[in-house]
Every structure is written in C-alpha cells, then in structure tokens.
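> If you want the building blocks of each chain, they are given just below.
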Amino acid sequence: VCIHLVRSCSSVRSVKSKYVCVPDKPALSFSHQQRFFRTSAVSCGQIVQFKLSDIGEGITEVTVKEWYIKEGDSVSQFDSICEVQSDKASVTITSRYDGVIRKLHYSLDEIAYVGKPLVDIEIDASKGVTSQEDVVETPPMSHEEHTHQEIKGHKTLATPAVRRLAMENNIKLSEVIGTGKDNRILKEDILNYLAKQTGAILPPSPKAEIISPVPKAESVPAGPVDKARKAPVPLARPVVVAGKDKTEPVTGFQKAMVKTMSAALKIPHFGYCDEVDLTQLVQLREEMKPLAQARGVKLSFMPFFIKAASLGLLQYPILNASLDESCQNVTYKASHNIGVAMDTEQGLIVPNVKNVQACSVFEIASELNRLQTLGSAGQLGTNDLTGGTFTLSNIGTIGGTYAKAVILPPEVAIGALGKIQVLPRFNEKGEVFAAQLMSVSWSADHRVIDGATMARFSNLWKSYLENPASMLLDLK
Amino acid sequence: MVLQSSLKNCLQLSCILRTPKAGFRSTTTGDLIIQSISNDVYQNLAVEDWIHDHMNLENRRVLFLWRNSPAVVIGRHQNPWQECNLRLLRQKNIKLARRRSGGGTVYHDLGNINLTFFTNRKKYERMENLKLVVKALKALCPQLDVRVTDRYDILLDGQYKISGTAAKLGRTTAYHHCTLLCNADKSVLSSVLKSPYRGLKSNATPSVPASVKNLFEEDSGLTCEMLLDAIAEEYAAQHQIDHCITLINPADETVLPGINNKTKELQTWEWVYGKTPKFSISTCFNLVYEDSVLDVKVDMEVKHGRIEVCNIDLPEQWLPPALCSELVKSLTGTKLCPNEITTLTTTLLRVCPQDDELHSRWNLLCENMVMLM
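Protein chains in written order, with UniProt numbering: chain A, 1 to 476; chain B, 1 to 373.
The set of hints was computed from the structure by calculation and includes no laboratory data. The hints are all genuine.
Simulated coverage check for chain B against chain A, where a stretch passes if three residues somewhere in it have a Cβ under 8 angstroms from a Cβ of chain A:
no. : stretch
1   : 74-83
2   : 89-101
3   : 344-353
4   : 357-367
Sample of chain B residues with no beta-carbon within 12 angstroms of chain A, all distances over it, derived:
no. : residue
5   : N39
6   : L110
7   : F216
8   : D242
9   : C284
10  : S292
Glycine included, C-beta positions come from ideal geometry on N, C-alpha and C.
Bound-form chain B, shown alone:
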C-alpha cells in the first residue's frame, strides 16, 4: 500500500521514471538516484553489496533509497545477543540482519528511510553527505533544528538522534549509509534494542544508545515519501543531474546478475549469527522445582555463534552426573540457537533412563538454558 503511493509520488514529483535496462552498469554515465521497490531488508542489503562489488564507480556516484519492513540491523562486527532482545524479535517476527558496514545497531520499519551514498574510494566523504541531508530537511521544513555532530549523527533540537551512520570501504569503492527517522514505532524500537542477556563479555563493537525522536513529531505533515523526494531533489541539484529516480527490483537477476545469491548469503545463520566475534557468557539462574529453589551457574564460550566450551554448575546429584556430562558434551559445538538446543535436548531424552522425575528435571534445566539465547 505504502509502496504504491510512493510510486505515484515519484510519477507526480519527478520528471521521468526510467525503467532499468539490462546490464545496469551500461545505462547512463552520470550520477544516479535509485530506489528499491522491495521492503525486504536482506534484498536491500544485497543491492548495496551488488553495487559495491559490480558497479564501476570510478566516475559516477549513486544514491540508493530504501525502506524496510520491521527489522533489526546490526553492524558487521557486533554481537546480536549483546545488542537486542532476540526472543522478542522471534516472537514479533522481526527479522535480524547483519550488514557489511561497521557501526551500531538500528531498528528499521517503514517509518524509517535509508540512504546509501556510493562513491569511489577517493571521494568517500561522510560529512558532505550528511550536510546534504540536513540541507534537504531544512528546505522541506525551514523551522527544523537539525544538525550533524562530529560522530556523524544527525540531532534534532540538539538532543534527539534522528539519524545514524555507517560506512563500508572496499578496494576501489566505498559507501556511506544512514537512517532517518520519520515515523517509526519508537516503543518497539526501544523494546527490541534492549538486550535481556546477562553476563556477556565480548570485544564486539558496542552500540551507543541514544534518545530518538521522529521527524513526524516536529511536523505532522511529513511523510517518508516527502523526505525521500526532498533528499533526491537536493542530490540531483548538487550533482547536476535530472531529478529522476530509477526504480530497481532487488529480485531481478537480469538487471542485477548474481543478486539472489547475495540475498541468500545475508540470510544464512553463518552470516547473521556465525560472524559474531568470540565472546563468553557467565551467568546464573534459579530453578524452581517442587518446593525448592536451586542455583545454577553457567559458563560458556561462544565462537562463530557456536558453543565452544560449556560448563554447568548444578547442585550435586540433582541430575545424575553422567547425564550432566552428556548434556555438556552435546551442547559443545552446537549453535547458540534455541531451536537447535531444544530439539537436541528433547531428542537426547529418548536415550536416557525413562524416569518421569528425571525427565521433568532435565526439561526444566534445558528450558532455562534456552532462555540464555
């Protein structure tokens, strides 16, 4: 629905709407403004990858505009367990993606717009790009108090973050992308970006939390389409090109050969979770069993998203030691994934002594272990 009106706006506001020809690189030679017709975070991140890997940006620059349906996007070197509430994400069916650029974690939904500035390596210049965005915002809403900080954030009223930045530099090309909050769901944002996991120790890049505000709160007439258009117009003016937005379909192999492989790779467990730098979990929880409360201490080392080392400290004889060591042995090498652990531990029960009491203790322990993930 939103996409349709966006298309309509493009038709009304911009002069010409070109449909992309095959062999994307070979169209024009000037700078380009493109917009994705998809709201899938993996497809859109794949487009960034594709442009970065395959487009000749020696003499042209590209602005890529995109929006995503609800998703949490972590930076290249971050730890998802540290950054967000994975349980809540699963419950609410919010996707988790890891992008290839650095920086911190952000929440995307259709009330947030994403801008990617592609240039060759030499012309990589983030300040310029952000100043362009601020100029566009001020042209749209002159009374807006927006400015760029030296951390490459854009602040509203001097205190609320409305945009965060990240960048990726390759051998010959570079891109700088940033978000812009127009009308995102702030309550979902704050709940998903709060990690419930305790006892994590990691060298992963931490996010810097900030108070956020939607531009919509300053000016209720603002919509994402208006923001996108204002920025495209400013870009076109500064780069001396027509204010035309080329729409691209991130699933179209004829225009973007090889893109579906890139999209698939971004969705694999190995990329999203497996690229987490080595970290350790050292925590404890209480088991409430019948009339007693037991203390359980868990120490784990996680590498490539898999449990490398696992140690569970249980009160003596609560579970037969053979069973405990069986659990620890099975957990070693397993993905830190609730589904994987649940199916593993329930299947193991089949070869354990068939004792109801034993089974309920085992299940209780395993369910609590799963809560750590």
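Next comes chain A alone, as it looks inside the complex:
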C-alpha cells in the first residue's frame, strides 16, 4: 500500500510530500506515518496563530491603533507587533516568536479580543523549534511563561534555539554577553563565547565593529570589547558599512526650491568679486553697538551692508529691476526690498527688509532683529517672505570667502559676503598694517546687467563701507 502525503503550500500545516510504500502491517504503518508527519511538519515553516494575551484588569477587548508590521515582514521574538488601546491604556504587543508575518487578523481601529488570534506567524524552520508544544496553539500567553526566560533573577533574553545551543555546549547563558536587541543573546554570541574558550578562528562576522559608550536598544548592536572578535584573523576584513541607503520623496519647501533653482539656472549669471577693508566700519560698529543696545536692538554688520547697497541702488537702479518672462520688458522697482538669506532648520529662506531707501541704519537693524526672531521660531509671514528686489547673503557667518551665489528670480542680482579676516596689507606709505577684510562676490543677470555696471556699483558700495562717514553725504 502506498501512502501519499500531498504537499499543499498554502494550507496552515504544510508538509513535505513523501511517498511511502509500507508493507501490509496496518498498525506499524499507521504509527510510521504519524512519525513522519510530525518531523516533516517541524522542518518546514509552520504557521502559528499568535493570540492576544491578557491585558489585565479584566479587560476583554481592545482597539487596534497601529500596526508596526505588515504581512510578509520578518519578526524576531520580542519585536513590537502592534499598539492597542483600551480605556486610556496603550499597550504594546510584542511577538512571541521568530518568523514571518503571514496574516493580520484586524485592520486599524477594529476591535480585537483577548484570547483570539491577532496575527499568524510562520515560524522560521531553520531556528528549530524545540518541541511540538511550543508551536501548536497555546492558551493565551501568561506572564509566567516569561519567567522561564530569566536566569538567576536577571533577565537573559534568548530564543529557544539559542538556549538549546548553549545547553548542548554546557554554556551558562549568564556568562555570555548578548549583542542583540535589549541585550538578548544571539547565536553568534554563543559561537563567539565558544571561540574564546577554544581559541578557534571564526569566519568574519557580517556586522561592522562599532563600539559605542551607550548601549542602544534599536540601532546596530554594539559589542563591548570581545576578544573573540579581535581573535587572530589574518585576512583584512572588507569594511562593511552598517548603514542603509535611505530614499525620501522631495516634498514641501524642498520642492519649491527645486523649482526656483531650476528657473534660476536659465538666467545667464556672471560674477564679480572684490575685497572690502572694513577696518573703519568695525570700529564704528563697536561704538554704535551699546547705543543700539540701549534702544533694545542688536546691531550686526548687516544693517550697514544693506543701507550701503540701497545707496548704491539709487545710482544703479538696473540692479534693483526685474526682467519679465518673455524678456520683453524690464521693470525698475521703486522700493528697495532687500532680502537677507537666513539659514533655518528647513533650509534657506529669504525674508526681506522693505523700503530700505527710506530707512535709517537703526531701523534696518531693528527690522532684522524682528525677522531673525520670527525666522528661528518658524513664524515668518507671507509679507516678510515676498516682494524682495535684491538679495544679500552673509555666508561669512558660517565661513568661506568667495562664493558663487545664485540669483533668486525674479531678481537680477545677488551679493554673497564672506567672513571678515584680519590680513596684512600695505598702506599708501608702503607699510604693512592689519586690515579687517571681507570678500564680496556679486552675481548678476547678464541679459540686462553688464560687467561695468556691476563693477561701478560694487566700487560705490565698497567706498561707503570703507569710509562710513561718506555715507552721511548721500543719506536721505
């Protein structure tokens, strides 16, 4: 009599196909068949229904609020599976098994019942479940079952497979350093422990050696100094980067920057750079700082740079203009709304100071303070962020000297200011003196601005800053 055991992959208990030809001894063949059934069931992935355990306080039903896994994901024992809520209590349900999630019995916001199946997990066959009892449906997980995981009063986490390995090798789990999540002991830890005892050379572990001072629960497990890892391995191990590539969609503000910068690319830029001697301005600012402070305003260099730029724009209004999309018309803007590039958490934002041509240096400083406060609080309004006509970017506060700034449409010019450095320079008498120098890099739209105009504007701006008293003559 031939007995066929047919393979059915999709059924709950999948068994290997086996054609058994058994002599005509019914009792023997029957027990033979049973035995085969059992062993073959264990060696394949067996699907187990993981039931919702007792929450306590007599609660029988909960609402599923969040799934941490989806069908097809692999889970390890103690990984979080889902978050359920019952009467102001939020409960994290963790997995009892290592395996693959095959079915979620509830969708979000559905009511789940204690004692009923929550998820189906296909037990990882290679991990070798120790006994049939562990695999088959069990009564709702009670807290007592966790105690068998603990050895001598302190928690030692390890899967049954790892425990068996330790037992077979006469290793006390309490003596092994666990490198898995929550310091659980992994198979590799047992092997390393063994290697340490016997001095064996182990094949290189796939994890990179990262030794961190702080034990982390979630990230790459850090092993404390483990002699086994540093055991004589003559070959140079390939450096395996433990991190993973991370792809994120471009959204929100970044998307807008993509559009703006792509449009800016269409503008034919030309650059013009120079060096400005701020020695006198540095002194002036030192004198003015306490005066401004007394009026409740923090005075930086920017208000001077901005006001000087506005004075320059009065002479060279083409730099404060806008070219329309079809390049048919140039609009000379009456207001000097000078934008100041600000670095925030989100990235580069450019609020502007309105009507600089009508503002004093102090008023500009005050307005800058306001914009900076709002900027760092993430509370700038539409009015502050629109209507700019000319931009200055003080990249020097972070660092750098010369830069190639990108014009922000619909403007036609931008200035990038480098950091102030003390450098040796020669004066008219040929003597060396310490000069406070700042480099400036202008970019302008070559369709409507020519090099000469840019150069003359820059010279004028520079002269105002190198000799601040000269600004007095032209202040309105």
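Starting from the structure of chain A, add chain B where the hints point.
Leaving out everything else, chain B in the frame of chain A:
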C-alpha cells in the same frame, strides 16, 4: 525658583536625600520614589520611557514625581488639531508633546503635578494607585471631598475633575500616570484645549472635556510641594520604605544612558504630529478681496501629518487654473505645518508670472490655507 524651594522642602521633610549613583538600576532593591529636577516635558516623558525600557521592575515598584513648565500633552493615538488650539500654543510658546500612554489631552504647568506608578505587568493596578493618592490628599486636608470615579478620574466635590489618568503597558513592565491640579492657570487651560479647526473627521481618540478645579481653591494653604510630599509619604508607608525622594536629572547620560536620544525623539515633528492617525479636513472659508467676498472650499486628507490628498474649490478664473493646480501639487506630500506651507507658497511665487494682482490673490489664499493648521 520653585525648584529651589522644592529641593529645600525635600531636605526638611524627608530624612535622607540620596544622590543617584551611576547605573541607576543597581542602587537599592526596594521600591523607589524619584523626582525630576527638570520642568521640561520632553525630558520628563523621556525618563518615563527610559524606566519603562531599561529598568528591571520584576521585583520593585517606582513612583516618579514630575512637573512641567507650560505644555499641552496629547495621548498616543490623538489628533493635535482636534484637541487643541495650535495657533495659540505657538503664539504663547507653549510646548506640544505626545506621550506614549493612551487617554486624552491635558494641560500642564507648574501648578500641576504628575505622578507615574511603575510596576511589572502583573502588578498593574490603577485603582489602587488612585486610592493611594486620595488617601494622601485626605491625610493632608481631611475636609476635602475627593473620590475616584470608575473612569479613573479624581473628582472634587463630586463634580470637578482634579486628576486624569493614562497608562502604558509593555511586554514586562507597565506604568500608570495621572495629573493633579493644585494651582494651574485655568484660563490658559481652557483656551488652549479648545480647537478652532473645523471640519475634521478622524478616528483618533477624542478627549472628554470636563470642568476642572484647582485644589488651591479649596484650601489656599496647599502648594505643589506639599502635595508631592504627602503622596510620597503615603507611598512610602504603603510600600514599607523610607520616605526618601531620590532626585534625578533627565539630562544625565551617566545615570540614564541613552536618555538624550529618547528626549530628542519625543521632540521630532514625526513623533508629535506625524503619529496622528489618518484624518480628513473638509471645510470652507471666505476670502475678502477688494469689494467681493469669495467662497473657498477645501478638502484634504492627512496621513502621518502630511497632506496626502488636497482639493481646493475656487471661484472660476479667480486664479489661473495652472496656478491652482501648481498649488495643489505642491501641497501634496507637505507637512500640515504653517511654516512649511508659508515658505513653500512664498517661494513658489518666484516662478509665477510677476503680476502684483496675481501675487496678492495668491498670498491671500495661502494665508487662509495656513489658518487651517
């Protein structure tokens, strides 16, 4: 200032003030009463996380006492837009935090005390904890009419809520925490806990509003320090330990390794706003432009705090259709965050036709959109 006097009180009232040693878990083996020296809601919530994740509570219980500077704390599965006035929070610089336990939204300030009872999973028992609090209150003020309801609230005079409860259960540990109103600012409380956002449809856990009262109103001699001390004393008595409060610093990595990461995580946008269950906004507003009033209808679906789907219904030709679809496309995938939307929409103006009229219409529309957040 308040913290200093609290420390002083601890010195006067309790016997010994232990400074925590490194490796917090390894100090004593008995039950423990600890108090945070910080008033930062994120740091204190991180301490709860830390104890829950790292402390062995198999054979010991812990009482954690903490207070926060003004903050609104929402439950794990709640929707901040539904629960509070986010605009007002930003204006008044009141922090918003999402805790890991369930339950509803509360307002914390220094006139409110927080108590967290840590136990192992088996010993999770909220009624017992609240009865302990009531016993302590009655010992302090025998004439107080306070009792625990079956919703785990504590009521004063049978009608005013003075304490709310929430809990978190993990694999092996559990905690139950509750608030206690001593002298909180009730007017700020009621104004921030009122959501101005209309048209929200969500499965998030809703809060149950209740009339509140401060214990201070019953007995003007009561202070937070007195309440904390009374509760600590009762806990010590019931758990047969010394009435000693161990102070902990939630920024100290040597005592609480890994705590700063937990604090950081609690402050991320992804946790505070991004953990909001999927919801939809269906609302309309009026645009007042020059001499006319226009009706605008907005429908949005928000998932993980980001706009998944967006639909804006404008009167025809008020804005060129290309521009409208550009706005909708840009909003899709963006965080439901006023700052993000403002910077996005103002930056987009740079690549729009340079027409003053167009720009002012666009700005008006975008400003109103931002009001929805």
